[in-house]
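One point on numbering: in my numbering, the residue at position 420 of the sequence shown is 446, and numbering is uninterrupted.
Read the hints as simulated data drawn from the structure, not as lab findings.
It cannot be assumed that every hint is accurate.
Each pair of labels, with its calculated beta carbon distance range [to be verified]:
#1 Arg-188 x Glu-140: 25 to 35 Å
#2 Glu-306 x Ile-42: 18 to 28 Å
#3 Gly-387 x Thr-207: 33 to 43 Å
#4 Asn-363 x Gly-79: 17 to 27 Å
The C-beta atom is built at its ideal place from N, Cα and C for all residues, glycine as well.
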Amino acid sequence: MTGDHPVSCAQKRLWILDRLYPDTPAYSVPVVYRIDGEPDVRALEGALTGLVGRHEVLRTGYRMARGALRQAVRPAEPVPLPRVDLTGHTDPAAEAERLAVAEARRPLDLGGGEVLRPLLLTTAPGRHVLCLTLHHIVCDGWSLAVLEQELSSLYEALAAGRAPELPALTEQYADFARWQTERVAGTGLDRARGYWAEHLAGVPAVASVPADRPRPAVWSFAGAHVPFELGAEAVQQVDLVARACGTTPYAVMLAAFAALVREEGGGPEVVIGAPVALRERESHFALVGMFGNTVVQRLGVPDGTSFRELVLRARDESRAALAHQALPFELLVEELNPARDPGANPLFQLMFSYQPAAAPGLRLEGCRVAREFGDTRTAKVDLSLSLTRDGAGCTGRLEYSADLFEDTTARRLAARYTTLLAAAAAEPLRPIGPKT
27 MTGDHPVSCA
37 QKRLWILDRL
47 YPDTPAYSVP
57 VVYRIDGEPD
67 VRALEGALTG
77 LVGRHEVLRT
87 GYRMARGALR
97 QAVRPAEPVP
107 LPRVDLTGHT
117 DPAAEAERLA
127 VAEARRPLDL
137 GGGEVLRPLL
147 LTTAPGRHVL
157 CLTLHHIVCD
167 GWSLAVLEQE
177 LSSLYEALAA
187 GRAPELPALT
197 EQYADFARWQ
207 TERVAGTGLD
217 RARGYWAEHL
227 AGVPAVASVP
237 ADRPRPAVWS
247 FAGAHVPFEL
257 GAEAVQQVDL
267 VARACGTTPY
277 AVMLAAFAAL
287 VREEGGGPEV
297 VIGAPVALRE
307 RESHFALVGM
317 FGNTVVQRLG
327 VPDGTSFREL
337 VLRARDESRA
347 ALAHQALPFE
357 LLVEELNPAR
367 DPGANPLFQL
377 MFSYQPAAAP
387 GLRLEGCRVA
397 REFGDTRTAK
407 VDLSLSLTRD
417 GAGCTGRLEY
427 SADLFEDTTA
437 RRLAARYTTL
447 LAAAAAEPLR
457 PIGPKT
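Start from the sequences and build out the full structure, keeping to the hints where you can.
Written as structure tokens, this is what we have:
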């Protein structure tokens with residue numbers, strides 16, 4: 027399906043952000059795969075070519091036409107896999123780390139249609155690092171799982187000398203963009219519009235943790251992150267609280283984040299954004315593209331609120347948000363038209379995400395592959411907490427704005443979250459309130 031097509035709401039927002047901040051990697055999705063073994067590089071290159079040929083959004087450019095942004099699908103072409111041999115370097119592993127970080131931080135040229143950039147680094151015989159950098163305009167969390175599954179299948183077939191046999195796609199991302207354009211112009215989202223207008227009326231302009239430094243006049247996207255883990259015992263306690271409250275671990279962990287904000291000096295209303303997959307039709311499930319939406323969760327935490335009460339509020343709030351998730355966040359901001367602060371994200375400055383299971387990842391026959399996300403050293407909001415269930419425990423990541431917080435503060439907040447969650451899960455009736 028080559029030619030000219032309308033863009034989705036998310037594509038429009040990300041294009042505008044790219045025009046406003048052309049040199050930031052904040053909207054890149056860099057993924058690093060550490061490979062032990064000798065992959066078939068020709069098959070890997072062929073798999074990348076097959077993936078881009080299969081998903082038109084990975085070979086789409088953007089242009090303004092008659093005052094409107096349009097997307098234009100280009101014909102499929104071979105995708106080269108640049109390679110850098112570091113085996114003669116004095117410290118190949120360290121140089122690979124440096125290059126991987128530099129690759130993650132090098133912005134994609136969205137204006138030039140660059141939305142996917144691969145790079146293969148070789149540090150020793152049987153030791154490689156594959157860097158894949160995608161633009162958020164074509165990739166969300168669900169897309170990454172689709173991409174990895176299909177790359178694995180394409181690679182397996184090509185390495186074995188077989189023709190790939192992936193099922194044909196019944197739609198492309200441009201079809202979704204056209205469907206969404208028609209949908210938002212109609213009345214089908216009026217119920218969601220009404221809910222959000224009422225629910226977010228009077229939402230605090232800034233609802234965050236008191237920072238180490240004043241909020242900047244203009245957001246710089248400078249950021250960093252702190253990794254941490256939740257042990258099996260803490261996660262078991264979370265599961266017990268979730269079952270007792272008739273909810274999921276998501277609500278318990280979200281409540282703990284709201285409790286942390288409140289106890290660290292945040293106001294009695296904690297406003298937290300959350301990503302949702304928003305793939306509403308079966309044909310969307312197999313596609314790579316930016317379908318994801320953001321919902322806003324508004325949690326009241328007055329003094330004396332018990333942790334159990336907060337879990338129940340988080341349960342009800344997340345359920346209501348999911349019931350009205352179809353309204354694109356971009357339209358929500360336009361329609362609510364909140365007071366704009368160039369130094370803060372509109373409507374919320376905190377984000378929370380939870381994955382109940384880690385994705386299977388990339389598989390290369392005969393190799394051991396470990397995935398990690400590249401570090402762009404950016405932050406889109408004040409604080410963003412993400413958790414992924416990993417076996418019996420959870421891996422966590424607290425991303426923070428370097429404009430606002432010191433590294434020591436972020437590390438203290440991450441440690442405080444783990445201890446608060448464990449204590450509150452063990453004693454759900456404990457009251458939540460500002461530290462004295």
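Taking the hints in turn, this is what the structure says about them:
1. For the pair Arg-188 and Glu-140, the supplied restraint of 25 to 35 Å holds, since their beta-carbon distance comes to about 31 Å.
2. Between Glu-306 and Ile-42 the beta carbons are some 24 Å apart, a value that agrees with the proposed interval 18 to 28 Å.
3. Separated by about 34 Å at the C-beta atoms, Gly-387 and Thr-207 satisfy the suggested range of 33 to 43 Å.
4. One distance hint, 17 to 27 Å for the beta-carbon pair Asn-363 and Gly-79, is violated here, with the actual separation near 42 Å.
When the structure is compared with the earlier hints, a violation turns up for hint 4 alone.
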